[in-house]
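Listed here are the chains, written in short residue letters.
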Amino acid sequence: MATVKAHLPGTFYRRPDPESEPYVNEGDTVSAGDVVGIIEVMKSFHEVKSEEDGTVSKILVENEDAVDAGQEVLELG
Amino acid sequence: MAIKVLKPGLLTTVQDAGRIGDYALGMPPSGAMDSFSYRAGNYLVGNEDGAAGLEITYFGPELAFTEDAVIALTGAELPPKINGDECPTWEALRVRAGDVLTFDYLKNGARAYLSVAGGVDVPEFLGSRSTYTLIGLGGFEGRALAEGDEVPIGSSDDSASRVGKKVDDKHIPRFGKEAELRVIVGLASYRLTEESMEEFLSVEWTVTPDADRIGYRYRGGELRFVEREQPAGAGSDPANVVDFGYPVGSIQVPGGVEPIVLLNDAVTGGGYATIGTVISVDRGRLAQTKTNDKTKFVSVSLEEALQARKERREELAAIRESLG
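Protein chains in written order, with my numbering: chain L, 1 to 77; chain P, 1 to 324.
Hints in this document: simulated from the structure, not taken from any laboratory.
For glycine and all other residues, C-beta sits at the position ideal for the given N, C-alpha and C.
Among the clues, some could well be false.
What the hints assert, rightly or not - Examples of chain L residues lying across from chain P (beta carbon under 8 Å, computed):
| id | residue |
| --- | --- |
| 1 | Ile-38 |
| 2 | Val-41 |
| 3 | Gly-77 |
As the list claims (entries may be wrong) - Now the in silico label distances, taken between C-beta atoms and shown as ranges:
| id | chain 1 | residue 1 | chain 2 | residue 2 | range |
| --- | --- | --- | --- | --- | --- |
| 4 | L | Glu-51 | P | Glu-303 | 48 to 58 Å |
| 5 | L | Glu-72 | P | Thr-193 | 22 to 32 Å |
| 6 | L | Glu-52 | P | His-171 | 24 to 34 Å |
| 7 | L | Ala-2 | P | Lys-7 | 19 to 29 Å |
| 8 | P | Lys-7 | L | Glu-19 | 44 to 54 Å |
| 9 | L | Glu-52 | P | Lys-4 | 38 to 48 Å |
Unchecked claim - Straight-line Cα separation of at most 20 Å, PhoX-like style, residue types lysine-lysine; simulated pairs:
| id | chain 1 | residue 1 | chain 2 | residue 2 |
| --- | --- | --- | --- | --- |
| 10 | L | Lys-5 | P | Lys-170 |
| 11 | P | Lys-310 | L | Lys-5 |
| 12 | P | Lys-107 | P | Lys-165 |
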């Protein structure tokens with residue numbers, strides 16, 4: 001099963017700002033290069049992108065969860 | 001000879017032993033945050049103490065070598081690959097012209113060091129090649145490396161003889177997710193209540209995502225200051241004192257929450273009570289904690305700190321000796 005991994009340790013956000021919709025929800029289709037979340041670390045924000053095409057089958061972290069580098073953040077079906 | 005930056009990573013900067021001597025003018029030292037790993041890297045490739053290398057933070061760059069070179073990677077567990085094949089760390093390696101160095105995801109620690117025989121040959125600013133990004137001076141054009149940069153490397157005479165030399169396993173630090181850092185209590189610790197000082201030294205603090213080369217901020221407790229009448233010249237926050245110098249490694253607690261340890265790129269003085277100072281030997285360990293890692297602060301005496309510093313110098317000398 002393909003997954004998208006966090007490339008950095010930090011705080012994971014599912015949406016670009018508190019008022020916006022999440023980048024992706026379960027069931028959404030994504031293409032390689034699509035942003036699926038952002039990670040905050042060292043006072044800056046960094047986009048997490050899918051490396052593959054697919055359908056989001058499961059989101060593995062909550063908004064504002066602490067993530068490690070290499071941690072899987074979502075599964076692609 | 002140069003290193004071409006194909007991708008810069010998160011924060012890759014030129015650093016050396018630091019810009020020492022202008023602290024009183026408000027110039028922090030910058031320099032490698034984990035000086036032990038940085039120095040060991042220089043010894044591996046046969047550089048003079050103080051030669052500049054690259055400090056790589058949290059996420060590795062993609063670098064290409066324009067000519068044959070001898071390199072070493074030390075510090076955090078950020079698994080390196082040459083042309084896609086895993087390669088050892090804490091060992092002098094031969095790379096060929098056109099070889100590409102990449103990194104896997106960070107496993108432990110926070111900062112890896114790339115040393116190259118000959119050293120990074122950017123111009124010195126106030127006696128150092130370290131990057132001080134806040135004011136845009138030193139290092140490579142005063143900033144973190146960016147895609148397309150060509151970082152100049154100095155020449156080296158006998159680098160071929162270094163290839164295969166390794167730092168003995170017993171000297172290689174292991175960076176888990178929990179760190180214990182020794183502090184000397186003071187200079188303005190009298191501002192904290194006794195209970196709060198006990199709490200500071202017993203809480204398991206969590207490194208916040210803000211932590212960077214300027215300072216490390218922690219969460220986990222709330223500290224209280226002794227009631228007092230605001231002195232002339234001090235701010236109104238109970239954490240304020242009349243301005244004084246901040247030692248590198250000093251700990252302040254604005255508002256009583258979230259202690260901050262000031263580090264290599266920090267302001268050199270100000271009006272917050274510093275309740276302790278992380279000893280110099282342990283600042284490298286501090287710099288190898290990453291966001292969400294745990295930290296405990298342990299009180300030691302000045303004598304213990306000086307003894308630790310002596311032992312660290314002896315260990316570095318032994319490493320240098322062993323590498324010939």
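Exercise for review: Determine which of the earlier numbered hints do not hold for this structure and return their numbers in increasing order.
Suggested key: Hint check: 1, 3, 5, 6, 8, 9, 10, 11 and 12 fail, others pass.
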